[in-house]
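The listed protein sequences derive, respectively, from chains A and B. For the first sequence, numbering that gives the first Met the number 0 assigns the number 0 to the initial residue and increments by one for each residue that follows. For the second sequence, numbering that gives the first Met the number 0 assigns the number 0 to the initial residue and increments by one for each residue that follows.
Keep in mind the hints are simulated off the structure, nothing from the lab. A quick note: this is a predicted structure, and the numbers were derived from the prediction, not measured. Note that the Cβ used here is the ideal one computed from N, Cα and C, for glycine as well. Watch out, some of these pointers could steer you wrong.
Stated by the list, open to error - Chain B stretches covered by chain A per the calculated footprint, using a threshold of three residues with CB under 8 Å from any CB of chain A:
1) 162 to 172
2) 206 to 212
As the list claims (entries may be wrong) - A partial selection of chain A residues facing chain B, derived with a Cβ cut-off under 10 Å:
3) T5
4) G36
5) S38
6) P47
7) T51
8) L99
9) V171
10) G175
11) R176
12) I196
13) L203
14) I205
15) Y206
Said to hold, decoys possible - Where chain B lies over chain A, by a calculated footprint (3+ residues, C-beta under 8 Å):
16) 80 to 90
17) 127 to 135
18) 139 to 148
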Amino acid sequence: MLTASTDLTVFQGVAQFISYAILAIFAENVVFSRAMGVSRLIKLVGDPDVRTWQYCTPVILVQLLSAPLGWACMVYVSPVVRDALPEWLPLAALRPILYLTCAVIAMGVVWLLLAFLPAAHRAACREQLPLATCTCSVLGTLLLCANQNYDLLQSTAFGFGSGVGYLFAVLVVDEGRRRLGSKDVPAIFRGLPSSLIYIGILSLAIYGLVGHGVAR
Amino acid sequence: MQNEQNRKSSKPAGRPVRKKKNQPEQSQTVIIPQISPEVLERARCAAAEGKTPQQIDQEAAQAAAEQAAQTQAAPAEAVRPAPQPKPSRPARKTRAEAEAELAQNIHDDHLWLNNPVMVRGLGLAPIVAMASDGDRALMLCVLSILLLTATRMLAVAICHITGNRFRPVVYAYSAALIYIPVYILMYNIFGNNLSIMGIYLPMMVVEPVIIKRMEATELESIGEAFRRGINNTVGLCVAIMLVGVLRELLAYGTVFENPVLSVGLLPLAAQPAGGFLLLGLIAAGWTAVGNAYVHYKQEEVRHLYADRKH
């Protein structure tokens, strides 16, 4: 039988999950706050062959599943590796390969989970899965969670929120790019320059929420 | 015998030769120098070996004939004109070929016309978020120099082994492997200042400017990977330093911490939002100048090949 304190703990956990997810979606959006994955985003919105959901579904799933792995890597694997390393080899040199391995393991799990999708969607998502895994938004989120010493719940929430935040950024930039294709825009600003300025203005709006400094 | 023949052949055909009074009777001795010392030596050796006079004469005749053949061949070679470079004629390219060559040159120009940052939009994350001053831009440059070309070459070598499969993973892990010695080297160079790069230093291993090649299906050679890697590195470093120095100047009024302006004109330039805006403006100017140059070259090709439709 659940007690009041247990109810409160569950409620606090859910609230914490939601708050960290919203923090990652809006206030610390991977694109607008830290410019992570922006190169891929600009290529994605300009590519008529790839639909938004084909790329963002694998991104969200990989971020969600790799976040607990990243937390486990930080808590359990890193201390062991640090003790085993020679003195001349710092652990910081191995951070990319450790967290990249977490992302690749998550990619394998997501590849299996995508089997539950209809065949047409499955093939499209699996085609984008490796590109969605080896991206700055995934590795950057893992590294950020480790730097911030997030616990398991916070890491998972932040990872999920980062994936959804990336989708949010893609939708916003896609709509803006569609409108920026107007003939009223000077020719030299069309394409990459206008997209960058547009993202910069959106990023400036984010500062209204979090101020001028971002955690690194 | 040889001297006799030479003497006979040396006389002009229909022209009598007056003999001087003091001329010695055995004038054939003056003809001997026509036989080279090598021929004489060979005849002397044959005589020493106990050959008969007929054999000696025969060998001497053969040697003289060989020498004569050589002397006839030598002038012929001397007369033969040396191979001269072919006169440079205008290349008979078609207009389509010239335009294709121009397009290829534009594509290969990673420094200016096809810059990985300003034109293709790669490497934006570290530039926007980290290259906010000259020192950080310099660190990014060093990292790019050490990481980009080596990653590309290692990944191509592994892809040759794996049959070009699992490219994204191969490229990302190649970069992560190369990152290990690169980090140690950079730590020795920059020391604890490296920590100001935060997550953006390890994140470079999956930055598209480093591993963009994983999206291409055709497998390049290692030499080609080296050449293109160097080109991309140069273009990337130019863009990083330009943006870094300009942002520092606008945000703090300094260049590599040396005061240039009394006040920072645009403090926002140090933030990611300012980085986006400034990079967008620089990319617009860059694109404008590049497009003008491309337009000029295309017009030049059009005029040069105006008479060649195909």
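Which numbered conditions among the earlier hints are violated in the structure presented, ordered from lowest to highest?
Checked against the structure, the hints that fail are numbers 3, 6, 7, 9, 10, 11, while the rest are satisfied.
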